[in-house]
Amino acid sequence: MRYDDAELREKLAAEYVLGTMPALVRRRFERLLAADPKLRREVEDWHARFDPIDHGAPVREPPARVWRAVERRLALPRDSAVARPGWLGSLAFWRGATLSATALAAAVILYVAVRPAPSPATVVAILTDDTGAPGWVALGNGRGGSVEVAPVHQVALDAAHAFELWAIAGGTPHPLGLLQPEPGHPLAVEAGLVPAKGMLAISLEPAGGSPTGLPTGPVQYKGKVLISAR
Amino acid sequence: MTASPLLLQELLRQTAVGDAAAFAALYKQTAGKLFGIAIRIAGRGEVAEDALQECFVLVWQRAGDYDPLRGAAMSWLIAIIRNCTIDRLRRRARRPEGHAVEDALDRLAAPDSAAKGAELRALEHCLGELGEQPRQAVLLAYVHGLTREELAVRLAVPVGTVKSWIRRSLDRLKRCLDR
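Chains as they are written, first to last, in my numbering: chain A, 1 to 230; chain B, 1001 to 1179.
No wet-lab data here; the hints were simulated from the structure.
Just so we're clear, the structure is a prediction, and the values are computed from it rather than from any experiment.
Here a beta-carbon is modelled for each residue, glycine too, at the ideal position from N, C-alpha and C.
It is possible that some hints are incorrect.
[Stated by the list, open to error] Which residues of chain A face chain B? A few of them, derived with a C-beta cut under 10 Å, are:
#1 G19
#2 V70
#3 E71
#4 V123
#5 W136
#6 I168
[Claimed, not checked] Label pairs and their calculated CB-CB ranges:
#7 P218/A to D1067/B: 38 to 44 Å
#8 R1179/B to E7/A: 15 to 21 Å
#9 D1067/B to P195/A: 54 to 60 Å
#10 L24/A to R1175/B: 28 to 34 Å
#11 A196/A to V1057/B: 34 to 40 Å
#12 R28/A to V1057/B: 19 to 25 Å
#13 E1132/B to A6/A: 27 to 33 Å
#14 L193/A to E1046/B: 30 to 36 Å
#15 G213/A to D1178/B: 48 to 54 Å
Chain B on its own, in the form it takes in the complex:
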């Protein structure tokens, strides 16, 4: 289900002028997707619930900061839910053992529009140019919120190796995507 980008943009703008009904409609349109992202990062519902709550408090307070010229409304919301989730996750003790990591490495995402599909294909192509293990490190960090230390355990390499994989991978990704 894809909400119309223009509708989200409009609801966000109405939220910025204090329209509670528009804010409620914005929640209804986007909370499911944002909660899905938060659960994927946090690995557990309670952290994701806290993050979603904080995310929408911030959306209400900062809707006026959103600038349509700088990107889609959904992308703005995604950046907020990611930050809220990671902040909450990092403040707690380590994630429970046996946290199930979904099979995100083979099938990154189901593109939900033709344009987004093209961006996703470009990203997949550039991720494909990284080595197998560095690519896993980047995706496990981004999609599932793993720290450097958790990545080191999971991929059975020293933390220093994880650090340099990530540095180099981000650098190569940027060059590849900006080409």
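Isolated chain A, as found in the complex:
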């Protein structure tokens, strides 16, 4: 086969992604892929064309033995990657995650200093509920400017209420704006308004936000600011 023929390359990339290549041809194509960045690009483009179908696939919970096998094969430290039921919601896990986010934040600053663009996102805060389950994340773009706050998952909210974000430094809450309950629509907050040593909190307010400029409803999520957003 002539792999320098553009049209043929295109066809092979498409059939590889569709999955209809015979096993032998598939393996040969994969060896080519490993050595050919341009061909990899074409495969990526085909994945992108089809992947809206997979984004809508039904969620199926895998058995716990899958994660245990991954842990075993990679010899991961058991206590940092616990897979027991409910571990994501456990405070211990999130304390661990918070610590590592801080360590990571230091690495990000270095990284940004060395490589100016494009900057990665930085975890500025993880806001958890009463049980310690993470509900919202505040992400900085690593260059100052703005911090985006969005829920980890869609959050239930009726039309009569709104989630309002607050910056808390020295005990005084300062309103930062109303939040959308969907992951895709973050609230952008000016980095300078996020207190470097304070907290972010979210209270449940009447639709339109707190009428007084201070939280009037219950605080439902809160989290320490892990790194200065500036």
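Based on these hints, arrange chain B on the given structure of chain A.
Relative to the frame of chain A, chain B by itself:
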């Protein structure tokens, strides 16, 4: 349930620097969706379980290869689970008879965000421009992992016909989607 794209991107980046807790969180956030995709392709749990295990071993080893500028983290993970599942499926004997193919042809997917909805609508539109049988061949291959031979049996046509349907359909899809 949709995990925030930025959160996944961040967890992937932390995984790349060897953070096991971030890797565990990434698994928790995405394994359900990836397992759903694997089961749909493989048609049976054992192959899907193997594929999911292999997928996350690769994610741990290759997280540093992920480039946010080239696409969403979830799309990167989907490409890996698809490859792992198809590789495992092709290595085994034929799938068991009576494999139930879900009704994916009428209702492709439930879009889980407005943007993804637009991409899905464009794809549905372009799939709609293919003939009925070629469209079925493409979807059965992509969604349920059928080989050319399995497609020929299922659609009751020669393998050569399946091959040319697929070639032509992929070509037309590309032209339609890139318009």
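Now for the hints, and whether the structure bears them out:
1. G19: With Cβ-Cβ at 5 Å, under 10 Å, it holds.
2. V70: OK, holds: V70/A within 10 Å of chain B, min 5 Å.
3. E71: holds, 8 Å
4. V123: At 6 Å from the nearest chain B Cβ, V123/A passes the 10 Å test, so the hint holds.
5. W136: At about 9 Å, which falls below the 10 Å cut-off, the nearest Cβ of chain B leaves the hint on W136/A intact, so it holds.
6. I168: Hint violated; I168/A Cβ to chain B Cβ min 23 Å, cut 10 Å.
7. P218/A to D1067/B: 38 to 44 Å: holds, 42 Å
8. R1179/B to E7/A: 15 to 21 Å: Cβ of R1179/B to Cβ of E7/A: about 19 Å, so the range 15 to 21 Å holds.
9. D1067/B to P195/A: 54 to 60 Å: violated, 33 Å
10. L24/A to R1175/B: 28 to 34 Å: holds, 30 Å
11. A196/A to V1057/B: 34 to 40 Å: The hint (34 to 40 Å, Cβ to Cβ) holds, given that A196/A and V1057/B are roughly 39 Å apart.
12. R28/A to V1057/B: 19 to 25 Å: Distance hint for R28/A, V1057/B holds at roughly 23 Å.
13. E1132/B to A6/A: 27 to 33 Å: With a Cβ separation near 31 Å, E1132/B and A6/A satisfy 27 to 33 Å, so the hint holds.
14. L193/A to E1046/B: 30 to 36 Å: For L193/A and E1046/B the Cβ distance comes to about 52 Å; the hint is violated.
15. G213/A to D1178/B: 48 to 54 Å: Given a distance of about 51 Å, which is inside 48 to 54 Å, the answer is holds.
In this structure, the hints that do not hold are numbers 6, 9 and 14, in rising order.
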